[in-house]
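Participant: Okay, here's what each chain looks like letter by letter:
There are 4 protein chains.
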Amino acid sequence: MTKIKVSIVGASGYTGGELLRLLLFHPNVEINQVTSESYTGKFVYKVHPNLRKATQLKFSSASELQQCDVLFLCLPHNSSQNKIDFYKSIAPKIIDLSADFRLKNQDEYEKWYGHKHVRPELLKEFVYGIPELHREEMKNANYISSAGCNATASILGLYPLFKNDLVFEDRTVIEVKAGSSEGGNKVNEGSHHPERSGVVRSYMPTKHRHTAEILQELSFGKNIQVHFSATAIDIVRGLLATCHVFLKKDLEEKDIWKIYRDAYGNEPFIRIVKENDGIYRYPEPKLLSGTNYCDIGFKKDENSNRLVVISAIDNLMKGAAGQALQAFNIMFGFDERTGLEFTGLHPI
Amino acid sequence: MTKIKVSIVGASGYTGGELLRLLLFHPNVEINQVTSESYTGKFVYKVHPNLRKATQLKFSSASELQQCDVLFLCLPHNSSQNKIDFYKSIAPKIIDLSADFRLKNQDEYEKWYGHKHVRPELLKEFVYGIPELHREEMKNANYISSAGCNATASILGLYPLFKNDLVFEDRTVIEVKAGSSEGGNKVNEGSHHPERSGVVRSYMPTKHRHTAEILQELSFGKNIQVHFSATAIDIVRGLLATCHVFLKKDLEEKDIWKIYRDAYGNEPFIRIVKENDGIYRYPEPKLLSGTNYCDIGFKKDENSNRLVVISAIDNLMKGAAGQALQAFNIMFGFDERTGLEFTGLHPI
Amino acid sequence: MTKIKVSIVGASGYTGGELLRLLLFHPNVEINQVTSESYTGKFVYKVHPNLRKATQLKFSSASELQQCDVLFLCLPHNSSQNKIDFYKSIAPKIIDLSADFRLKNQDEYEKWYGHKHVRPELLKEFVYGIPELHREEMKNANYISSAGCNATASILGLYPLFKNDLVFEDRTVIEVKAGSSEGGNKVNEGSHHPERSGVVRSYMPTKHRHTAEILQELSFGKNIQVHFSATAIDIVRGLLATCHVFLKKDLEEKDIWKIYRDAYGNEPFIRIVKENDGIYRYPEPKLLSGTNYCDIGFKKDENSNRLVVISAIDNLMKGAAGQALQAFNIMFGFDERTGLEFTGLHPI
Amino acid sequence: MTKIKVSIVGASGYTGGELLRLLLFHPNVEINQVTSESYTGKFVYKVHPNLRKATQLKFSSASELQQCDVLFLCLPHNSSQNKIDFYKSIAPKIIDLSADFRLKNQDEYEKWYGHKHVRPELLKEFVYGIPELHREEMKNANYISSAGCNATASILGLYPLFKNDLVFEDRTVIEVKAGSSEGGNKVNEGSHHPERSGVVRSYMPTKHRHTAEILQELSFGKNIQVHFSATAIDIVRGLLATCHVFLKKDLEEKDIWKIYRDAYGNEPFIRIVKENDGIYRYPEPKLLSGTNYCDIGFKKDENSNRLVVISAIDNLMKGAAGQALQAFNIMFGFDERTGLEFTGLHPI
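Protein chains in written order, with the numbering used here: chain A, 20 to 367; chain B, 20 to 367; chain C, 20 to 367; chain D, 20 to 367.
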């Protein structure tokens, strides 16, 4: 069997490392190159110590990139767009994990990111990377832009409700609880352990850029608002989105069940988690570490028309590398679950 | 100087232990008795190891209670109301830290607590225990009912806005992130360390009983709704309430500042925390461990009329024992800060 | 290909759940039954929520056990020995994960466990379950007794030194730092989150039963002592053994390197971890969550003949279920790594 | 009453901030100046957010230092010795919290610190800062050098045994488990939260500089060795020293009790912690956060002559700022406990 030759640009970061970990065990993949400008020439396990004994690969410089079948871009935001022609010359297919090509509307990009987009004409060439919403487009796509982690959890949690026009969109409040790996591997004052440990830090009460993606994917042609906040807590991996929506008509929980089952019943990576007893009655991100699942639960308020939708993912997996690999599998016609079988640990 | 003789009923729990810690160092207080049915005859430091070398007190049984000046009741909910006549016979003044006498309306009590109130005629004798809202009543009160911890943070965060009729009350969404000490010192399946560690657990997405207190204190004669959820995270002490409110008119942040300053400018235990830089820009519960502060911050959304109000307390202090002691100080005309001077640790 | 039919007795605990997780993905295994007396008839994912969507298995009662090829016993200590005849009647091969058959010497068992062994004549039928020491015996074994987690890390860390008679055995001090999953899934006062969180708890400064296994495997016919202590810290999975040994002759670090390379150079699950720079210079248990690795490092004291040997494992994997599966693979002639390929997460 | 005028040099670090917190509430102290070169002109609460509303002090530059009664030096190591004449010109009494003047022997300093001491003739002018060992000298001292945190816990734990010649000194193994605040407030790769969280990191298996202090204080004229290692764990404050010593003669636990009682019976900040039941049977650093206690416990091994001594402190309090304030109180004849009354929190 011929293997797909892939390279990862920016493989020394957390997202790149996670993708590399997955690709090393993918039966249809041959890793061609992994690049890092800071660690060129070094063994990847020096940066990703979990890969000791798993690989003898070394980092290359992006300038040494050779032709391959697929290029994964795991670069900081605002990098891909500046060198996109070069990357296109390296591989016919690109999966970009940065924010550069997520938004289809140039104005929205510039509003939320605060600077001009260098290549706005390419925005529409990229398929937005959530497989559950864009699977068909992905099958023939050359360019995919993976979704933001907070956006992924929020969109997957709310999609069936918004699509079916069941909620007052503008009243939606989304509160994400996020771990420290979301901030990447660069040290900063706020990530210093004595300061970051034990926090419940309102790091982005308004203006989070992922809001723009949520609006794009959930507006269905309308002009809607959603109200997003993010709070950092003392976990490393994982995020939970608690989404408060207000129903237009009086639905019971069994109706909601049906709506979610209709939307996601065949999805390999979505689980509806809603138990009446036990201690894991709703989605719990710690159970998802290393998995590609998005777990979704909900609870209807008996005293009002509020529905609380709870959505959990591993930000580095379903929120980044796992999502990208799932898209890759779709792109090439592999079983979507290939390389993504890990079921998570308990206890952890 | 004559000291006030106080006894604590139910002193082996977390709230009772915290209150005991505070009272031991209060210059105007003499501790008469501390009761525990499970630990009668044992040294209190066997249960509260932080009090080693601080006291040689032993637990008594409640049946041995002697006359004193004030009785603090730190019992499980639904206990005080059943023996209230006995407690009244012991002391002329009572501060109850349970939920039994918080709600003034019997129907509301029965709706949220799911059972009949045994002594509904007494509900109105108790002053609701948040000093910032009920200071004048406390000065002449004999009976005070301390507020719930989640309610305290939510009410203090929202009071100036609701009182001045600045928000659409029914759209309010309150999301509390809570620590494990809120659940008390009784072991249960969900508190087992391997299961409780690292969680982001939606333990009460709807129907949290503290909602009733919030409605009581913030309705100002109207019939309002608020939407409350609570998520358990991996901290022991402290809680953060993230409150999403929607403004009736277009207020700028400097207007909001003024409203909070007017409401709380002279309050010894409320700090407005809102910085433009640094890593502690908003309230942070870990900084409040052991203190009686309620820190309040806010952020106006530039894209909508949403205001995010962020309120943090130590649930065992301002949310329980500290609040009760502050009320006690007011009751007896002491400086409110007496015994509550601890300013918190950093780093922690 | 015919699959091996296996059953797990006591599959609702942490060790049994971990083993089940591994076996579900083992290509040569068919899971016949998993038993639990408390959860008979319940879906296993109710107890092991990480297995949602991975299996529809339900728990049986041990009394319903059917014939199979291998029985894994994941019972509390002092259970296997009482029903061993029954288990032998169910399957020709047994891998016992409890402590019942680890010690070959009946007197030692009774000294450390404080009670009579019911079937001492069987002690010698069980091969002690560390593959790196007993691989050849395992190939033809019918009965294997998996090693204790603390013992596994300590023995693997020290084996090359003791075997080669390089240290003063009696001066050895071993200090294990352990997570809360080691205590199993039964709630107790000490495992209550507010009490267990943040601890550095000297839970077993002396008399830890795993000491007996260390002595058994490292004595090589001599009468030796080692000094073992265990401290509980705020992690769930993983343990680190810091072993202080004193060298009989003046060896340099490169000599030590050679000794470990000779002992473990071909071992699939042992990695020598010793870096001169970076932040993961020595073994780090958090990197091992879900993996079967034992990482071993060391540092020679320049001022004395002390060598500090550092050994890390995941207590539920290499310290229990992973070790048992590795032994199973050896028993049946499979590649030892089958089902144990997971390389661990970073960051985590 | 005239207050003592004190200034803190280097008050923006963790140790300086902790000292400032204590001094602000000391009834006999007036804070003159607090210096920081990086934050000159800024409010101290911008750096120490726990001091919001507690003080309106601003940082000065050390170049602006005015005459005062006592100078506390909270500088990085190797700073005090270079400007000691200047500091002496500012205040007649100095308490240095760095390592510069801890060792009395110049050769030892240079061996462990790897560079020349600039002012070796001053080494003997400084009293080593552990009050329990040097109280009498402190009463007339002008210069005190506070001890290292790991050294403090180790020395206090072992002092009664070494002083009474009860152990084979050279066999002593000390294992410290330490929190992240020990590393100070400077960000580095190893303190990045995703990397530092959950670690059991062997950061200093050998060669820890605090070993030199332990040797100095415990040698009593002999030439001894002790074997020290330090492991970083996921706590912020606090450290536990597990000390393995080997007794020269057969002492029972009640004999050991007597030895510790004789040594520390009247000490206000030492507690012997050794319970037969309960969950806090030995010293536990989390209970000590914010306190000046050193808790000491022990366990005799029934199978050998090993005694495990367990010693816990808050590294920023008894290991730094609290110790310094206790010495200050002795220097000026105040009750040693003044300003150090905080008894610690439970749960935490």
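You may find that some hints are simply not true.
Identical copies look the same in the list; a pair holds intra-copy or inter-copy alike.
Here are the computed lysine-lysine pairs in the DSS-like style, where the Cα-Cα straight-line distance is at most 27 Å [unchecked claim]: (1) 102 with 241; (2) 102 with 112; (3) 268 with 241; (4) 241 with 135; (5) 123 with 61; (6) 277 with 205; (7) 293 with 72.
Honestly, the hints are just simulated from the structure, not real lab data.
Participant: Decide, hint by hint, whether the structure agrees.
Facilitator: Against the structure, the hints come out as follows:
no.: 1; hint: 102 with 241; verdict: neither (34 Å within a copy, 59 Å between copies)
no.: 2; hint: 102 with 112; verdict: within (15 Å within a copy, 60 Å between copies)
no.: 3; hint: 268 with 241; verdict: both (19 Å within a copy, 25 Å between copies)
no.: 4; hint: 241 with 135; verdict: within (25 Å within a copy, 48 Å between copies)
no.: 5; hint: 123 with 61; verdict: neither (37 Å within a copy, 45 Å between copies)
no.: 6; hint: 277 with 205; verdict: neither (43 Å within a copy, 36 Å between copies)
no.: 7; hint: 293 with 72; verdict: between (40 Å within a copy, 13 Å between copies)
Violation of the numbered hints given earlier is confined to hints 1, 5, 6; the remaining hints are satisfied by the structure.
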